[in-house]
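Participant: All chains should be built: construct the whole structure from the sequences, respecting the hints.
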Amino acid sequence: MTADFARWYAEAFMDEGARREQRWNGVVEVAATADYETVEVLTRLAFPTPIPASGRKSETLAAVHSKLVQTISGGDTAFDPTHSARELQVLAAAVLARLAPNMPDAALLVTTASMGSSRKPELPMDLAGLAEAALVKLSERKQVRQEFASIKLAAPTVEYKFDAEILAAMEAGKIQAEFARLRDATAAAIERVVSDQNRVVKVLHDRQELDEEELQMLWWLTGGYSHVSEKPFAKIEDKLLPLTLAHELAKMTAVSPGPGSVRALLLRAGVGTTKLKLVDAVNAPSAKWATEVSVSTLVSPVTTPIHFALEQRAELESTDTWQATWAGLTGLPVDLQLPAVTLAELFYREHVFLYVGT
1 MTADFARWYA EAFMDEGARR EQRWNGVVEV AATADYETVE VLTRLAFPTP
51 IPASGRKSET LAAVHSKLVQ TISGGDTAFD PTHSARELQV LAAAVLARLA
101 PNMPDAALLV TTASMGSSRK PELPMDLAGL AEAALVKLSE RKQVRQEFAS
151 IKLAAPTVEY KFDAEILAAM EAGKIQAEFA RLRDATAAAI ERVVSDQNRV
201 VKVLHDRQEL DEEELQMLWW LTGGYSHVSE KPFAKIEDKL LPLTLAHELA
251 KMTAVSPGPG SVRALLLRAG VGTTKLKLVD AVNAPSAKWA TEVSVSTLVS
301 PVTTPIHFAL EQRAELESTD TWQATWAGLT GLPVDLQLPA VTLAELFYRE
351 HVFLYVGT
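Note that the UniProt record's numbering has the sequence shown beginning at 1, numbered continuously upward.
FYI, nobody ran anything at the bench for these hints, they're computed from the structure. All values reported here derive from a predicted model rather than from experimental measurement. Heads up, a few of these hints could be off.
Straight line, CA to CA, 35 Å or less: simulated DSBU-like cross-link-like pairs of lysine-lysine [to be verified]:
#	residue 1	residue 2
1	K275	K231
2	K235	K288
3	K251	K202
4	K275	K288
5	K120	K152
6	K239	K202
7	K251	K142
8	K161	K288
9	K288	K231
10	K161	K142
Computed Cβ-Cβ distance ranges for the label pairs, DEER-style [stated by the list, open to error]:
#	residue 1	residue 2	range
11	N198	K277	48 to 54 Å
12	P50	E292	25 to 31 Å
13	R183	E292	52 to 58 Å
14	G129	D80	28 to 34 Å
15	Q197	G223	36 to 42 Å
16	L298	P50	14 to 20 Å
17	A287	D35	55 to 61 Å
18	E237	F13	39 to 45 Å
19	S195	D35	40 to 46 Å
20	T274	V295	28 to 34 Å
21	P50	S195	44 to 50 Å
22	D280	E212	45 to 51 Å
23	K174	E212	32 to 38 Å
For every residue, glycine included, the Cβ atom is placed at its ideal position computed from N, Cα and C.
Facilitator: This is the structure in structure tokens:
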């Protein structure tokens, strides 16, 4: 058990005994097999909203939620999520804190759900802060170049030694068995070579994608031209800048969670720090664009609230009737304002989760 979890659980529930150990085992087990759907459910539990963690009718999260609840208790058959909502929230947050340093999806969704600290769940840890720190480390780790020694392949060894006595005996059955053993040893050596070669190819491919990502972003910034707006950055309306430029950067991103310089790139491109109403940013683009960027089936009121706003605007074909529904489902205020660059960075992260993946 980590010291952090021991402290969090003790502070929240005044329990330092066997149940805490049991819950820790559950946290570890959930984290060991977590995928993007698990992370979605965990984030909904950690950031309570009107949207059920088990999903809406159009979603397929019920089975994931059911399994998670059973596992996270550490095998406690008496655990009742209905009467233990607070404990479930803290445990879900603990799993996310465990996942964030190594799983981009977890770190991304915690920050997008937090929505620039607009959602502040009562937790024994600064979950959003932990996720932000994790994203920095994850981005740095993605950029580390492999040392040549780590990808250099060694000559394969065939683990086989011929038995001279079998050859001398000249018995067909035994010789045939010996050749079969040689065949298996050779096949195993070839499999090791192929496996190592595939590993090296993946390293080189990932490096190529990262280099291409960096190159495209730098050319985009140098050119200073938006293909979505069909205008130079300097001539784009302030309300259009955050989502438009964030989307263009996200489309160039090849590896999650993206470079750590995204905020700096957005600022350099002209997205400012002045607060902007989310409603104005969502209503600024065309309805066609709003539809195109929100087609993912993973769009969620909890974890991708900006894409969800665009989805609602597109579905209702209006710039005003979507707002009340959006606020009711997300639990966020209609008049929400954030610095323009923060809106842009959050929208970028939502896109990376929805369309780039881990």
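Participant: For the range 36 to 42 Å, tell me whether the beta carbons of Q197 and G223 fit it or not.
Facilitator: 38 Å, holds
Participant: May I ask you to test the hint 40 to 46 Å on the CB atoms belonging to S195 and D35?
Facilitator: Violated - the Cβ-Cβ distance for S195 and D35, about 24 Å, lies outside 40 to 46 Å.
Participant: For the pair we were handed, K275 and K288, check the Cα-Cα distance against 35 Å.
Facilitator: 26 Å, holds
Participant: Straight-line Cα separation of K161 and K142 no greater than 35 Å?
Facilitator: With a Cα-Cα distance of about 43 Å, the restraint between K161 and K142 is violated, given a limit of 35 Å.
Participant: Should the hint that N198 and K277 are 48 to 54 Å apart at their CB atoms be regarded as holding?
Facilitator: 50 Å, holds
Participant: Check the following: the C-beta atoms of D280 and E212 are separated by a distance inside 45 to 51 Å.
Facilitator: 34 Å, violated
Participant: Within 52 to 58 Å or not, the Cβ separation of R183 and E292?
Facilitator: This hint holds: roughly 55 Å between Cβ atoms.
Participant: Compare the distance between the alpha carbons of K161 and K288 with 35 Å, and conclude whether the hinted pair is satisfied.
Facilitator: Cα-Cα ~69 Å, so violated.
Participant: Do the Cβ positions of T274 and V295 conform to the proposed distance bound of 28 to 34 Å?
Facilitator: 30 Å Cβ-Cβ, so the 28 to 34 Å window holds.
Participant: Under the criterion that the straight-line Cα-Cα distance not exceed 35 Å, is the pair K288, K231 satisfied?
Facilitator: It holds: about 18 Å lies between the C-alpha atoms, which stays within 35 Å.
Participant: For the hint 44 to 50 Å, verify it against the beta carbon of P50 and that of S195.
Facilitator: 48 Å, holds
Participant: Could you say whether the range 14 to 20 Å given as a hint is met by the Cβ separation of L298 and P50?
Facilitator: 19 Å, holds
Checked against the numbered hints given earlier, the structure breaks hints 5, 6, 8, 10, 17, 18, 19, 22, 23 and satisfies all the rest.
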